[in-house]
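Engineer: Now for the letters of each chain:
Number of protein chains: 2
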Amino acid sequence: MAYTIGIVGATGAVGQELITLLESRSFPVKELRLLASARSAGKTMAFKGKEISIQETRPEAFDGLDIVFFSAGASISRDLAPEAVRRGCVVIDNSSAFRTDANVPLVVPEVNAHVLREHKGLIANPNCSTAIALMGLNPLHKAFGLKRFFAATYQAVSGSGVKGMVELEKQIRAWVNGETATPEVYAHPIAFNLFPHVDVFLEDGYTKEEHKMANESRKIMGLGNLAISTTCVRVPVMRAHSIAINAEFERPVDLAKARKAIEDADGVDLVDDPASNRYPTPQACTGVNNCAVGRLRVDSALENGLSFFVAGDQILKGAALNAIQIAEALPR
Amino acid sequence: MAYTIGIVGATGAVGQELITLLESRSFPVKELRLLASARSAGKTMAFKGKEISIQETRPEAFDGLDIVFFSAGASISRDLAPEAVRRGCVVIDNSSAFRTDANVPLVVPEVNAHVLREHKGLIANPNCSTAIALMGLNPLHKAFGLKRFFAATYQAVSGSGVKGMVELEKQIRAWVNGETATPEVYAHPIAFNLFPHVDVFLEDGYTKEEHKMANESRKIMGLGNLAISTTCVRVPVMRAHSIAINAEFERPVDLAKARKAIEDADGVDLVDDPASNRYPTPQACTGVNNCAVGRLRVDSALENGLSFFVAGDQILKGAALNAIQIAEALPR
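Chains as they are written, first to last, in my numbering: chain F, 1 to 332; chain Y, 1001 to 1332.
Hints in this document: simulated from the structure, not taken from any laboratory. A portion of the hints provided could be inaccurate.
Listed below are the simulated DSSO-like cross-link pairs for lysine-lysine, each with C-alpha atoms no more than 30 Å apart in a straight line [unchecked claim]: (1) K260/F <-> K142/F; (2) K1147/Y <-> K1043/Y; (3) K1163/Y <-> K170/F; (4) K163/F <-> K208/F; (5) K170/F <-> K1170/Y; (6) K48/F <-> K30/F; (7) K1147/Y <-> K1257/Y; (8) K1208/Y <-> K147/F; (9) K257/F <-> K1208/Y; (10) K1147/Y <-> K147/F; (11) K1147/Y <-> K208/F; (12) K1030/Y <-> K1050/Y; (13) K1043/Y <-> K1208/Y; (14) K163/F <-> K43/F; (15) K208/F <-> K1048/Y; (16) K1208/Y <-> K1170/Y; (17) K163/F <-> K1170/Y; (18) K1260/Y <-> K208/F; (19) K1208/Y <-> K260/F.
What the simulated footprint calls covered on chain Y by chain F, stretch by stretch (three residues with Cβ under 8 Å from a Cβ of chain F suffice, anywhere in the stretch; the number is not a length) [said to hold, decoys possible]: (20) 1062 to 1072; (21) 1141 to 1152; (22) 1183 to 1195; (23) 1228 to 1234; (24) 1281 to 1287.
Just so you know, even glycine gets a beta-carbon here, dropped at the ideal spot from N, CA and C.
The shape of chain F in the complex, shown without the other chains (with noise of 0.2 Å):
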């Protein structure tokens, strides 16, 4: 059994890490077929040694595809996403478009995957920063039974697309040349600095990042009640996010429990030996699959709570891995 897949944004760097673990992950591709603007419709990538002419992403492309990944921001999707699934295809979508969509499962596999079996064709990827952090709260959430969580998040210029690593590499190699390049990406430079800015303000101050982290986890967990607070912020970092999270249980915590509730959870490595200097960094995960979770401590401030870092790569567990791995899991 193998299947014809779409990439729509396949130049982007999400759209490029899938094509890479569609190949390295032995997923059954009976023909690849990659969609992106037409500015770049006739260019070629490579897959599997072949080179693929990269088509634009138009309504007729999606006929004969069984799956569509799409990763070319929310817009794209909402115009383009319910005509995939209307000629037939199932659709897995990176963009924030459909996830807080009733009718649109949203899906970790490590945490939900059983939702995928009411899917209508439509299935929602989730943000980026909340798929790392659940990866670390869920198997807490599992022993103790998650009431609520604070989290302040420092996330990669990945997270922008391309254009964001691009950015934080001309800005630093302008920086060492003694001089300086105008941001274009970001309101403000983000070498050597950072901003609490990551998407657009909404009403009550809080972004709509932070209000992704709060929604999608709440639906993801199938907590509704779930009390979240987060602070979202960009830093010079280049592909990996990492979340500083305070949470509190319903039951009470035990540190050994919690150790071993990480260690036996699928996606996540306990990286937790700060004697060896052991702990997570954006860095470490750049380029892995796991998550890793660290500085795990019983929380100074909480009743039965539990501090930790958790830090993954943006672009697999954040998003491209992730989508695969929900193609991966799909009903057959």
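Following the hints, position chain Y against chain F.
Structural biologist: For chain Y alone, coordinates are given in the frame of chain F:
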């Protein structure tokens, strides 16, 4: 009335800033004695247009000094600060050596200048992240009564002194040249990276830096029961720290009142107009005396809670400026 002043650790990042501040703030200096390790003895540094020769830090060097700033690490302070006090100096110590000593006032002048009346010759200057956090927390405490806070820091390499800044620069320059510079100051690369490791790890899984933030906050604010949980993270930023804070209060919070409390407080600016991309960033705080507070919002996971982001120059309010402000506030 003018003072004879000594600076121990004159060649360090904080020492250099102390010299600059004594001059720029027109501190009444009768004589300035620059003290450092034997290695630096004989070199000169400029003060008010004159070159001053650096002397080795020995007990006799304190004779005749009115005020001595110590900024050469905890072990030198432990060895020599009591010696300076014995010789009649008032010591303002930037190290952690005496901060939790019940007989030593620990002071952020905007918060607790009144305790200076009780000093016995030795006054401690707080940890940099603590001083910066309190610039945001204290005005809100006065308005609503602080009960508990969670903090995640984004700490600049200047917190490790000149060598931290040199390390980041060296790694950045190597990266641009396609090379790798081996970490010397930190356990991991800091360029394009970050790690939840500032100071040493303690038994309970928190670091000493995280304990400092908790213990020093309680002491400076005079709130012995304040519940605090922090995660301290080193980031590739040169010299300003940022901190994401979720704070819980005794009394119901009001956003307008909170904003006014920050606006009316000394030493801190409300930088909070997200619609115009105005919020605190470490780069904008570099070289600036006042700390910046922004992203002020009603916390979504606390009963009477406020979230905010605060940034401040680590060498200024986090060290040298606060030390000079203590000297300025000394009872005459």
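Engineer: Run every hint past the structure and note whether it holds.
Structural biologist: Quick rundown of the hints versus the structure:
1. K260/F <-> K142/F: holds, 12 Å
2. K1147/Y <-> K1043/Y: violated, 50 Å
3. K1163/Y <-> K170/F: holds, 25 Å
4. K163/F <-> K208/F: holds, 20 Å
5. K170/F <-> K1170/Y: Roughly 18 Å separates the two Cα atoms, so the pair holds.
6. K48/F <-> K30/F: holds, 12 Å
7. K1147/Y <-> K1257/Y: Holds. K1147/Y to K1257/Y sits at ~18 Å (cutoff 30 Å).
8. K1208/Y <-> K147/F: holds, 28 Å
9. K257/F <-> K1208/Y: Given pair K257/F, K1208/Y holds - Cα atoms ~25 Å apart, limit 30 Å.
10. K1147/Y <-> K147/F: holds, 20 Å
11. K1147/Y <-> K208/F: holds, 28 Å
12. K1030/Y <-> K1050/Y: holds, 13 Å
13. K1043/Y <-> K1208/Y: Violated - the C-alpha atoms of K1208/Y and K1043/Y are around 34 Å apart, more than 30 Å.
14. K163/F <-> K43/F: holds, 19 Å
15. K208/F <-> K1048/Y: Given that 30 Å is the threshold and the Cα spacing comes to 51 Å, the pair is violated.
16. K1208/Y <-> K1170/Y: At roughly 27 Å apart (the allowed maximum being 30 Å), K1170/Y and K1208/Y satisfy the hint.
17. K163/F <-> K1170/Y: Holds: K163/F and K1170/Y sit about 25 Å apart, inside 30 Å.
18. K1260/Y <-> K208/F: Roughly 26 Å separates the two Cα atoms, so the pair holds.
19. K1208/Y <-> K260/F: Roughly 26 Å between the alpha carbons, so the hint for K1208/Y and K260/F holds.
20. 1062 to 1072: It is violated: at least three residues are needed, and the region 1062 to 1072 of chain Y offers just 0 whose Cβ sits closer than 8 Å to chain F.
21. 1141 to 1152: holds (count 4)
22. 1183 to 1195: Our answer is that it holds, as 7 residues pass the Cβ test (under 8 Å) against chain F, meeting three.
23. 1228 to 1234: With 4 residues in contact (Cβ-Cβ under 8 Å with chain F), the coverage given for the region 1228 to 1234 of chain Y holds.
24. 1281 to 1287: Holds, because 4 residues of the region 1281 to 1287 of chain Y bring their Cβ atoms closer than 8 Å to Cβ atoms of chain F.
The structure fails to meet hints 2, 13, 15 and 20 from the earlier list, while all remaining hints are met.
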